[in-house]
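Order-wise, the sequence lines are chains A and B. First residue of the first sequence? That's 1 in the numbering used here, and the numbers climb one at a time after it. First residue of the second sequence? That's 1001 in the numbering used here, and the numbers climb one at a time after it.
Source of the hints: derived by calculation from the structure; they are not laboratory data. Do not rely on the hints blindly, as some may be mistaken.
35 angstroms max Cα-Cα, derived DSBU-like pairs, lysine-lysine [as the list claims (entries may be wrong)]:
| hint | chain 1 | residue 1 | chain 2 | residue 2 |
| --- | --- | --- | --- | --- |
| 1 | B | Lys-1113 | B | Lys-1073 |
| 2 | B | Lys-1177 | B | Lys-1113 |
| 3 | B | Lys-1353 | B | Lys-1243 |
| 4 | B | Lys-1243 | B | Lys-1329 |
| 5 | A | Lys-207 | B | Lys-1073 |
| 6 | B | Lys-1113 | A | Lys-207 |
| 7 | B | Lys-1167 | B | Lys-1243 |
| 8 | A | Lys-207 | B | Lys-1107 |
| 9 | B | Lys-1073 | B | Lys-1177 |
| 10 | A | Lys-207 | B | Lys-1177 |
| 11 | B | Lys-1153 | B | Lys-1107 |
| 12 | B | Lys-1153 | B | Lys-1177 |
Examples of chain A residues lying across from chain B (beta carbon under 10 angstroms, computed) [stated by the list, open to error]:
| hint | residue |
| --- | --- |
| 13 | Ser-180 |
| 14 | Glu-184 |
| 15 | Ala-185 |
| 16 | Ala-186 |
| 17 | Tyr-199 |
| 18 | Pro-203 |
Don't be surprised by glycine CBs; every beta carbon is placed ideally from N, CA and C.
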Amino acid sequence: MMSSRWTPFLFLAPALAGLLIFRLVPIGVAVGGSLTGVSLMGDLRFVGAENFEYLLTDPQFWSSLKITLFFNVIINPLQLAVAFALAMLVFRPLPGLWLYRTLLVLPMAVSTGISAVLFGLFLDGNLGPLNGFLEWIGVGAQPFHRGQDQALYTLIGIATWKGAGYWMLFLLAGLYSIPSTVYEAATIDGASAWQRFRYVTLPLMRKPMAFVLVADTAINFLFFAPVYILTSGGPGGATSLLMFEAYRSAFTFSDIGRSLAISTILLGIILVIVVLEFRLLRSPEERA
Amino acid sequence: MSTMNIENLRKSFGETEILRGIDLDVGDGEFVALVGPSGCGKSTLLRLIAGLEVATSGRLVIGGRDVTALPPKERDVAMVFQNYALYPHMTVRSNMGFSLKLRGAEKAEIERKVTEAADVLGLDTLLDRYPGQLSGGQRQRVATGRAIVRDPKLFLFDEPLSNLDAKLRVQMRTEIKALHQRLGNTMIYVTHDQIEAMTLADRIVVMHSGRIEQEGAPLDLYDRPANAFVGGFLGSPSMNFIKGHIRGGSVVTDDGSVLPGGEAVGGHEGRTVLWGARPESIVPATEGFSGMIEVVEPTGPDTQLLVRVAGQPLVVLLRSRTPATPGEKITMTVSPSEIHLFDADHGSRIEAKP
Ligand SMILES: Nc1ncnc2c1ncn2[C@@H]1O[C@H](COP(=O)(O)OP(=O)(O)OP(=O)(O)O)[C@@H](O)[C@H]1O
Ligand SMILES: [Mg+2]
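Required output: the full structure, derived from the provided sequences and hints.
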């Protein structure tokens, strides 16, 4: 298509650089650190795989791993789908464009921490307007992030609200890069609106979708702030994602070795999944 | 195969009227070339025929059926785009078979028709390639093949060869002509290239700012342009125009030069006209009008001269390697039947009054 397959990465360089410096490098350092432990005397020593061996026997770790995987299996496709739907709405606007322009930009304008705090108020059991509304229409108040069954889904909802507009931008750029004559050719060939979407838009969006899915996955495995602010891993460990476990090990229990081992495992999982996703979304041309 | 009739078709984008009342009848199996300067509305007309744009008013009939309000799908027309608009993610085979697939045709039938079209266009060895792996000429063929496979009532071409180099363009031109003779479908072909229009078309339609200036057989238009615009538009290098008055069977310019009047002067004594002569109609002679040679451009077979006559530049195309030197005086003449006279105000052709 465009001049080079690297062109998109060039445009993404600033974002990728941020990811590298603030997320990946620390995790890289963590890999080294995961092989160390702190003795009772307070000095650092090499312990080999001890931290990992201990983790594998720790039910808390397994539970966190399960929650993290479940969280990602839901949130990544969900964010991709929502972002795609939003991109289509902006690309082929229906009436009321101003409304979703606002709805899209707002989450991006608010920082993750602040949005978590705001959601905390919004969803609050006593003061929250949403529960007020739900009671008013007769559904009744919901616990949301305070409920064992709902907390994880609430976090997924907040993260999607926050992230979809951002990912939408990449997909929108992808939509704009499809030449309009290709759609016109399809129209003349007899394709309905749905068939144009199915046979032209979707396959031509493979690359932007692959990018979004991969980048989103990497970020969502490192999902942290809303857990910290809203649920602290609770209730009853229901939202204890691995990233939060790592935080807790380091700063609550001062077990740096365990924390870094978790981070390392997280890194490994991300790498495996990212590779799988890239393969999954390869175009037939590249497979040939 | 089908006829097409356009009645008073108009199209506005916002306030601007782009097509200002087009009437055109195309016969079954006819090859019509649409020509005109950039922005005159050729593509817009084609897109209206295809159904990609909706007419502001007027009627469009294809094969006797009023399709003015119908979507592209129900018009049964195929279009070849200037940039080919191939589906980048599909192989040549899928590109060509896509319309049949959408129609729900059986796999075997699709395969048969695609193979057939690929044979005609010499694409048989490229069927499993992707558009990105093809040369410009090959892409053009695939775009044409995609249209052929459908066997539509009407083929529309929007400058299909303009992205090819000169040599390939000539080759593809011949192929398209052969294709038309073989298939016999009705074709409407937009082009900037007048040679393309002249060689391919049964009929040329010259457009200018949203109107049809003239239509007719290529040589008729060339020999008897209905107005100065058509005269100047068709032919390369284009027709020379010099302003003057008809006086005693000649055309006299403001500075007193006398140009031969040709066959049309009769009954127009004193009228202000545009005198027109094609570069290749002007030949050196012992008697006639004269001018000063300013530039000599040998092109190989021909020699192109720029001669100043009556203070105006005149292009002369000599069908020989005539030795000529800038600064020399040259005497020329034009055969009376090859002189065109146009009204100086509105540009329409002047014929002799009986
Ligand atoms: N969608 C549109 N909205 C507004 N104006 C348009 C639109 N499409 C075409 N036009 C205008 O209509 C006029 C005719 O355009 P069109 O593309 O039909 O010209 P054309 O004869 O095909 O020119 P070219 O030879 O350069 O391809 C131009 O002035 C163009 O700017
Ligand atoms: Mg055009």
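Please flag the earlier hints that this structure goes against, numbers listed from lowest up.
7, 10
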